[in-house]
Every structure is written in C-alpha cells, then in structure tokens.
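Just so you know, the sequences run in chain order A and B.
Residue numbers for the first sequence follow my numbering, so the first one is 1 and each next one is one higher.
Residue numbers for the second sequence follow my numbering, so the first one is 114 and each next one is one higher.
Calculated from the structure, these hints are not laboratory results.
Bear in mind the structure is a predicted one, so any value in this text is a computation, not a measurement.
A portion of the hints provided could be inaccurate.
A few chain A residues facing chain B, derived, Cβ under 7 Å [claimed, not checked]:
(1) 63
(2) 101
(3) 107
Quick reminder that beta carbons are idealized off the backbone N, C-alpha and C, glycines included.
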Amino acid sequence: DVKVTQSSRYLVKRTGEKVFLECVQDMDHENMFWYRQDPGLGLRLIYFSYDVKMKEKGDIPEGYSVSREKKERFSLILESASTNQTSMYLCASKDSFNNSPLHFGNGTRLTVT
Amino acid sequence: QKEVEQDPGPLSVPEGAIVSLNCTYSNSAFQYFMWYRQYSRKGPELLMYTYSSGNKEDGRFTAQVDKSSKYISLFIRDSQPSDSATYLCATSKAAGNKLTFGGGTRVLVKP
Chain A
1 DVKVTQSSRY LVKRTGEKVF LECVQDMDHE NMFWYRQDPG LGLRLIYFSY DVKMKEKGDI
61 PEGYSVSREK KERFSLILES ASTNQTSMYL CASKDSFNNS PLHFGNGTRL TVT
Chain B
114 QKEVEQDPGP LSVPEGAIVS LNCTYSNSAF QYFMWYRQYS RKGPELLMYT YSSGNKEDGR
174 FTAQVDKSSK YISLFIRDSQ PSDSATYLCA TSKAAGNKLT FGGGTRVLVK P
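Turn these sequences into a full structure, and let the hints steer you where they fit.
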C-alpha cells in the first residue's frame, strides 16, 4: 500500500515566520503535489513536481515555494507566513501512468496567528 | 465562477437509502472525471474514475457523466454509516493532467 506521510498533523506558527511542511512517499512515485483545502473551496493546487529538483507552479503559488532534493521527499515552504495561509495542507503522490490515482497524506492543519 | 461547483451539504440520509451527489462544471474541455472520498482527519482517496460520458458501476457505487449538460453524479446504494464522509468530485482535461476539484459534499448516513 502506498504511504504518503506528512511530518506534522498540526502546526501553529506566528505571522512572518518561515514554515516548512514535509512530505515523504514510499512508492518511488515520480510526481508529487501540494494542495491546500479550505471549506467550500475544495482542493487547490499550490505546486507540483515531476522529478527531482523540478517544480511547476499550480493555481495558487503566491507566498509559497517548494523543494524536491530527493525523489521521495517534497517540501512546501512558506517564506513569511501570513494569517490567510491558515489552512489544511495536503501532499499527494502519483506514478507516471496517466490513469493512476493521486495518493494523499492525512494533511497538516496549519494555523498562523 | 468556480470551474467545478458542488453543493457543500451536509446531506443526511437514513441507513439503506440511496445517496445522490452531483457536480456541475463549466469547461467543456474536461474529459476525465473522478470521485474522491475523504473521511474526517484523513486525506482523500479515489473512489471512482470515468472517461467521457456514460455510467460506471463498482459495487454499491455508480458514477454518471453527462457531458452535454456538464453534470456528473455519484450514487451510493444501500448506504451504510461507514459511507459518512466528504465526497469530492474532480475533473481533468487529459489523462494524467492537473485535477480541478469541487468543494466537496459532506454526507451523513444515520443508523
């Protein structure tokens, strides 16, 4: 079974802090994704990566950056956290076959105060 | 206007009833349609995957796509309390392409 592990279940950070959200997958998937989930808005794609050291902007990349130094790990970075980044963050991975599904982690609930 | 619209619910039904969920979308380029189920405090998991118009059945679950109306549906027969979850529809323009999600509908199946 594919396992996508997000390092923290809950995080509370202050405005202006630099925040790192970590995600690790154990199935050697090429593709990894970061989404945020907000009530009524569904999942919105922040960034994704098709390969090591490769990244692509999603729909809402502003205020975020990512890092993929190893195939199994994809990090989301909030350079200077703001209150409007309070959200549930979901990491997902997928293999290279077109019809294969996204496998999600259980999310990190980030609160910025 | 969001590209994929979904009633947030909650939708409350008695055990054994049919649950009917739907989404509408605005972009006729969407070709692939998915339903994800998300239990509380968990990540979404793929439930159904369909391509273009038509029906697909998997056990108690049936997914329908009507591209002429830009309308997708999920039916759950003989609903169980374990079906209580949030159901998210998702679409993409091509296989393996970026997914666009609806906002999710929360479903409560009462024993």
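Hints, one by one, checked against the model:
| no. | hint | in the structure |
| --- | --- | --- |
| 1 | 63 | violated, 20 Å |
| 2 | 101 | holds, 4 Å |
| 3 | 107 | holds, 6 Å |
Checked against the numbered hints above, the structure breaks only hint 1 and satisfies the rest.
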